[in-house]
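Asker: Given chain A, put chain B with the ligands in place with the hints provided.
Protein chains in written order, with my numbering: chain A, 1 to 163; chain B, 1 to 579.
Hints in this document: simulated from the structure, not taken from any laboratory.
Please note that a few of the clues may not be correct.
[Said to hold, decoys possible] Taking lysine to aspartate or glutamate and the DMTMM-like style, the derived pairs with C-alpha atoms no more than 20 Å apart in a straight line are:
id: 1; chain 1: B; residue 1: Lys314; chain 2: A; residue 2: Asp75
id: 2; chain 1: B; residue 1: Lys173; chain 2: B; residue 2: Glu5
id: 3; chain 1: B; residue 1: Lys145; chain 2: B; residue 2: Glu18
id: 4; chain 1: B; residue 1: Lys145; chain 2: A; residue 2: Asp69
id: 5; chain 1: B; residue 1: Lys145; chain 2: A; residue 2: Glu12
id: 6; chain 1: B; residue 1: Lys173; chain 2: B; residue 2: Asp286
id: 7; chain 1: B; residue 1: Lys531; chain 2: B; residue 2: Asp443
id: 8; chain 1: B; residue 1: Lys135; chain 2: A; residue 2: Glu10
id: 9; chain 1: B; residue 1: Lys314; chain 2: A; residue 2: Asp54
id: 10; chain 1: B; residue 1: Lys314; chain 2: A; residue 2: Glu58
id: 11; chain 1: A; residue 1: Lys62; chain 2: B; residue 2: Asp286
id: 12; chain 1: B; residue 1: Lys46; chain 2: B; residue 2: Glu19
id: 13; chain 1: B; residue 1: Lys343; chain 2: B; residue 2: Glu230
id: 14; chain 1: B; residue 1: Lys145; chain 2: B; residue 2: Glu5
id: 15; chain 1: B; residue 1: Lys135; chain 2: A; residue 2: Asp69
id: 16; chain 1: A; residue 1: Lys90; chain 2: A; residue 2: Asp114
id: 17; chain 1: B; residue 1: Lys535; chain 2: B; residue 2: Glu511
id: 18; chain 1: B; residue 1: Lys226; chain 2: B; residue 2: Glu335
id: 19; chain 1: A; residue 1: Lys66; chain 2: B; residue 2: Asp286
id: 20; chain 1: A; residue 1: Lys62; chain 2: B; residue 2: Asp319
id: 21; chain 1: B; residue 1: Lys135; chain 2: A; residue 2: Glu12
id: 22; chain 1: B; residue 1: Lys338; chain 2: B; residue 2: Asp203
id: 23; chain 1: A; residue 1: Lys72; chain 2: B; residue 2: Asp308
id: 24; chain 1: A; residue 1: Lys62; chain 2: A; residue 2: Asp75
id: 25; chain 1: B; residue 1: Lys180; chain 2: B; residue 2: Asp319
id: 26; chain 1: B; residue 1: Lys412; chain 2: B; residue 2: Asp441
id: 27; chain 1: B; residue 1: Lys195; chain 2: B; residue 2: Glu19
id: 28; chain 1: A; residue 1: Lys90; chain 2: A; residue 2: Glu58
id: 29; chain 1: A; residue 1: Lys62; chain 2: B; residue 2: Asp308
id: 30; chain 1: B; residue 1: Lys537; chain 2: B; residue 2: Glu511
id: 31; chain 1: B; residue 1: Lys343; chain 2: B; residue 2: Glu209
id: 32; chain 1: B; residue 1: Lys145; chain 2: A; residue 2: Glu10
id: 33; chain 1: B; residue 1: Lys233; chain 2: B; residue 2: Glu335
id: 34; chain 1: B; residue 1: Lys180; chain 2: B; residue 2: Glu142
id: 35; chain 1: B; residue 1: Lys341; chain 2: B; residue 2: Asp203
id: 36; chain 1: B; residue 1: Lys173; chain 2: B; residue 2: Glu139
id: 37; chain 1: A; residue 1: Lys66; chain 2: B; residue 2: Asp308
id: 38; chain 1: A; residue 1: Lys66; chain 2: A; residue 2: Glu12
id: 39; chain 1: A; residue 1: Lys72; chain 2: A; residue 2: Glu10
Computed from a predicted structure; not experimentally measured.
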Amino acid sequence: MRHIISILMENESGALSRVSGLFSARGYNIESLTVAPTEDPTLSRMTVVTRGSDRIIEQITKQLNKLVDVVKLIDLSESEHIERELMMIKVRAEGDARSEAKRLCEIFRGNIVDVTASSYIIEVTGAASKLDALIAALDENSIIEVVRSGTTGIPRGLTGLHV
Amino acid sequence: MGIVELSGAEILMRCLKEEGVEYIFGYPGGAVLHIYDALFQQDDVKHILVRHEQGATHAADGYARATGKPGVVLVTSGPGATNAVTGIATAYLDSIPLIVISGQVPSPVIGSDAFQEVDMVGITRPCVKHNFLVKDVSEIAETMKKAFMVATTGRPGPVVVDIPKDTTDPSIKVPFKYPKQISMRSYNPVVKGHKGQIKKAVDVILEAERPMIYSGGGVVLGNAAKELTEFTKHLGYPITNTLMGLGAYPATDSQFVGMLGMHGTYEANMAMHECDVLIAIGARFDDRVTGKLSEFCPNCKIIHIDVDPSSISKTVRVDVPIVGEVKPVLAEMIELLKGSKKKAPAKAIKEWWKQIDEWRRMDCLHYDRGSELIKPQFVIETLYEVTGGDAYVTSDVGQHQMWAAQYYPFDKPRRWINSGGLGTMGFGLPAAIGVKLGYPDSDVVCVTGEASIQMCLQELSTALQYNTGIKIVNLNNRFMGMVRQWQEFSYESRYSHSYLDTIPDFVKLAESYGHVGILVEKPGDVKDALKEALKLKDRTVFLDIITDPTENVYPMIEAGKAHNEMRLAPGSIGSRELA
Ligand SMILES: Cc1cc2nc3c(=O)[nH]c(=O)nc-3n(C[C@H](O)[C@H](O)[C@H](O)COP(=O)(O)OP(=O)(O)OC[C@H]3O[C@@H](n4cnc5c(N)ncnc54)[C@H](O)[C@@H]3O)c2cc1C
Ligand SMILES: Cc1ncc(C[n+]2csc(CCOP(=O)(O)OP(=O)(O)O)c2C)c(N)n1
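Just chain A, with the same shape it has in the complex:
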């Protein structure tokens, strides 16, 4: 099962490598990993998307909690949450493809953020599955470049991850 684990950790140099090192040393799978400081500059928020059986996910959260730099974590997948990822995708936009790209961008509620005579950059946000769907909908040959931020997420309602 896919899990989104959200981690609040000390904003120390090396904190990121403690997490990534843990995943590689123990053979856990990482689908994506994002990290940035929070409103409190001494804390970083990291989001890891991983897959595994319940037992593996249990070990992953226990091992992460054991890292001395980790302050708190939650498995977002265990409750209602919002999941978002940002993607920028550069596509060929010549002839018929130009209007097709624009149409798909609208359907996926994206924005065209860069325009040249022969290309568009489309910006879209959404759950990872929505971004996958846009990529699938586009003609493979029209895609020049894809960048994705990796998934971040936040629990719904009043509950949250803070110190």
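Answerer: For chain B with the ligands alone, coordinates are given in the frame of chain A:
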């Protein structure tokens, strides 16, 4: 009292003093010269100069295991630091509290491939509980306080503090104040167990008909031998210890069924296999213990007490987990048990003991006592006899380690000092030096093999310098015995590179280091030689004991087999009756 201004190196010394550090095990080099200069100018902390940084970590580790206090190490950057890594990993796998101070190149040149630069924080990340890179002299005191706290609380472990040379510069002085207390919002180990879980566990314990207590290194680390003994005595249940847990329950007591696992006793492993309630206490279900996982304790409920949640349900699913320190959790359990109206089903327990006694009759630790060659098991039994069972015994890794564990019944915790998790050959000698420094008046014996002893042999020189009168019992079988045994069993006796045919003359070697060497070749001489060695209180004595090269460690559960599939010693009752 005003606040004093000190250099980083002086601050470091003061921190060690404040922490009550007696000994620091180290080896100098460029990046730590400021620290060595500060060391020279104080006499609160005694420095033990080893001959190799691996020796420093093992000696500090041995000291920590025996005394319960953290071991402290000081090494230089680059090769000094990398030499320490094996010892750090050894301590990590056995959860031993160490503070390893490593020198680092000056901050401005970090990352430039400077002379003797290695990324120590990066290299040690997977084998430390935590590590720190000091960025400024003003951080040293607080970092050291954190290092000691992290190393010694919760599940203990090694902590590396990497100190760039510029932060110890004698000309840069800052105000020094050692924090009395420190808290880290990201580090809050659990101490007490969950009341509800403890109650639930007690209920399960009292319903057991075939109970088994399986306790490990956590009881030693958590100083809970007294509680474990009281708990076990109160219940009257059988108990087994892991290799790391030996001594936490008196091995000479009738409720003790011996060590379990790969080289555990027949009765311990059979009782594990047949029990209906397993009470795991500070043990981590290691693969040497569980054998084939799918057939581990097939029909039982498992209760597990451990301070580290990640030890629980890691390899084996647990029914009643209790996260907490063994000492308070057991104390609470004892109280509940004493106040409980419910009693364990006496008749069933009696039947269970009858079954266990039946297994005991198989005489699984049988060996040929009439042999003309010296049997290694006989040497250990004799060692037990002449030391009155009261020595500190360190060991290296191999057959000799297993024989020491099997034939020297430890009645007290912290007496048996060995590398279980990493299985580091070379551990025994430096560890014995560390133990002896902690307990100068006690007998300290290092049980080793001719292959292992050569891995940290240089520390014989340290033993002379600090006059640590340790006794080295070298079970010399001219083989990497443990490797040879596996090759005999699993590779049709193709002894690929497990034979040592250029073994030094250990007697001369010991003498050249200024020690006493004794060669023992006949069973009849073993006892006198051991007695003589122990009489030479202040001398390090190297006993080179020529043993039967074909002897194997039994019982043995081969890799991938279950607890009820043991190989028993030829000639034992079990090997005949169960054949
Ligand atoms: C050649 C060789 C053969 C071996 N054969 C065997 C064998 O036959 N049998 C055997 O048992 N081992 C054997 N070992 C050792 C084995 O590899 C493991 O090191 C050992 O089994 C682990 O012991 P343990 O479960 O007690 O855990 P330890 O490594 O001692 O871990 C302690 C556990 O207790 C917890 N803990 C620590 N402090 C506390 C506290 N205060 N409160 C609560 N919990 C705490 C920790 O979190 C951890 O889970 C062998 C090793 C070698 C090298
Ligand atoms: C540093 C290291 N290298 C290799 C091994 C693998 N190993 C385990 S036991 C052993 C043989 C030990 O031989 P010896 O010290 O003579 O002891 P014996 O088994 O003969 O008692 C070896 C090579 C190890 N445990 N540690």
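Asker: Against the structure shown, which of the earlier numbered hints fail to hold, in ascending order?
Answerer: 6, 25, 27, 28
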